[in-house]
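> The listed protein sequences correspond, in order, to chains A and B. Numbering of the first sequence is given in the numbering used here, commencing with residue 1 and proceeding in unit increments. Numbering of the second sequence is given in the numbering used here, commencing with residue 112 and proceeding in unit increments.
Certain hints may be false.
The calculated lysine-lysine pairs, modelled on BS3-like cross-linking and capped at a C-alpha distance of 30 Å, are [stated by the list, open to error]:
1. Lys180(B) x Lys1(A)
2. Lys13(A) x Lys169(B)
3. Lys169(B) x Lys223(B)
4. Lys223(B) x Lys57(A)
5. Lys188(B) x Lys1(A)
The set of hints was computed from the structure by calculation and includes no laboratory data.
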Amino acid sequence: KAGVTQTPRYLIKTRGQQVTLSCSPISGHRSVSWYQQTPGQGLQFLFEYFSETQRNKGNFPGRFSGRQFSNSRSEMNVSTLELGDSALYLCASSFHQETQYFGPGTRLLVL
Amino acid sequence: AQSVAQPEDQVNVAEGNPLTVKCTYSVSGNPYLFWYVQYPNRGLQFLLKYITGDNLVKGSYGFEAEFNKSQTSFHLKKPSALVSDSALYFCAVRDSTSGTYKYIFGTGTRLKVLA
Numbered sequence: 001k002a003g004v005t006q007t008p009r010y011l012i013k014t015r016g017q018q019v020t021l022s023c024s025p026i027s028g029h030r031s032v033s034w035y036q037q038t039p040g041q042g043l044q045f046l047f048e049y050f051s052e053t054q055r056n057k058g059n060f061p062g063r064f065s066g067r068q069f070s071n072s073r074s075e076m077n078v079s080t081l082e083l084g085d086s087a088l089y090l091c092a093s094s095f096h097q098e099t100q101y102f103g104p105g106t107r108l109l110v111l
Numbered sequence: 112a113q114s115v116a117q118p119e120d121q122v123n124v125a126e127g128n129p130l131t132v133k134c135t136y137s138v139s140g141n142p143y144l145f146w147y148v149q150y151p152n153r154g155l156q157f158l159l160k161y162i163t164g165d166n167l168v169k170g171s172y173g174f175e176a177e178f179n180k181s182q183t184s185f186h187l188k189k190p191s192a193l194v195s196d197s198a199l200y201f202c203a204v205r206d207s208t209s210g211t212y213k214y215i216f217g218t219g220t221r222l223k224v225l226a
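Only chain B is shown next, with the shape it has when bound in the complex (with noise of 0.2 Å):
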């Protein structure tokens, strides 16, 4: 079955160091991978999103992925965290097994960057 786990319910990070949000996944086939992020009281923000190509992936706000085949991995990273990163990350992977598309998401990972 397709998945995908957030080992981590927090990170923790000072202001201004780099910052590692995890994720694996377990597909069939090749995978659809994005990242979102959720601010209190708000839906989900697109962050990145990988289909195909560069294994490194840019995004909004700062935000990069690591798209690893052989680890089945797809960490967000960040080079200098700054406070308004504090949010709730969630992962997705895009599921096509069924013949039909449906996006399984992770548990979340909060994020807390300290002053």
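Chain A on its own, in the form it takes in the complex (with noise of 0.2 Å):
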């Protein structure tokens, strides 16, 4: 089976522009899981989607949204982008709520 794959894995945008991330689960998982990872904060959780519909939601402000497609597929956006949002993003995708396989995650750069 593929793992989970992210697109783009490298970015870099300007402050106050919007990035879209994208995030293919592994086949057959409903459950995809957003992550940001910096130095300082560790691995942050943003936010959860299952059956297209959001389900968790981390602490982070509403600059940060996501969406999941009828084919399990999905999208993370960040408007108005912040120098503070440079990360490294991470997709995870789960069957049944158990173990989450990781993607390779998209490093994102803001000047």
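Need the complex rebuilt from these two chains, each delivered in its own frame; the hints are there to steer you.
Here it is in structure tokens:
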């Protein structure tokens, strides 16, 4: 089975712009979660989608949003980018909310 | 509140020696516990998990972890460390107190295996 894929792998944006990241889960997995990883804050949970519905949400501002499509692929959007949004964004998929399997991540740099 | 603690930012061990990476947790109910490893510029890779049953769990790459309910710990171990084990290790717990599930990760422990 193919693993979790994320695109793009690297991204450079400037402050004020917006960005969309994409995640394709493992085939058959309907739950997709997003995390932000920074050296200072570690791994922070953003949100989780299941069957196109947001099921859980972390403590991030409304600039961070996501969605999930009928094929379980998910996108994450960050609007009005700030310097502090520079991070590795990780997507994870799971089957029946057990083990999460992570993608390689998208490294976002905001200048 | 549910939480996971990894008390050591870094662990250094000589190649061939046994290694231990510590994790303690605080959850209500029965914990689902996980260990992940992250290599530079990569996502997290699943190593092993504890849900129920035998307290000693075996996982990938020769790693194992011991669940200790009385000490609320889930330490990761390997009998003989390899230089290639050098990476960032995360402990995680599944939190189900809100009625749905969230995964809470520790802050990570950097393992350095010295040749």
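> If a hint holds in the structure, say so; if it doesn't, say that too.
Checked hints:
no.: 1; hint: Lys180(B) x Lys1(A); in the structure: violated (35 Å)
no.: 2; hint: Lys13(A) x Lys169(B); in the structure: violated (43 Å)
no.: 3; hint: Lys169(B) x Lys223(B); in the structure: holds (21 Å)
no.: 4; hint: Lys223(B) x Lys57(A); in the structure: violated (34 Å)
no.: 5; hint: Lys188(B) x Lys1(A); in the structure: holds (29 Å)
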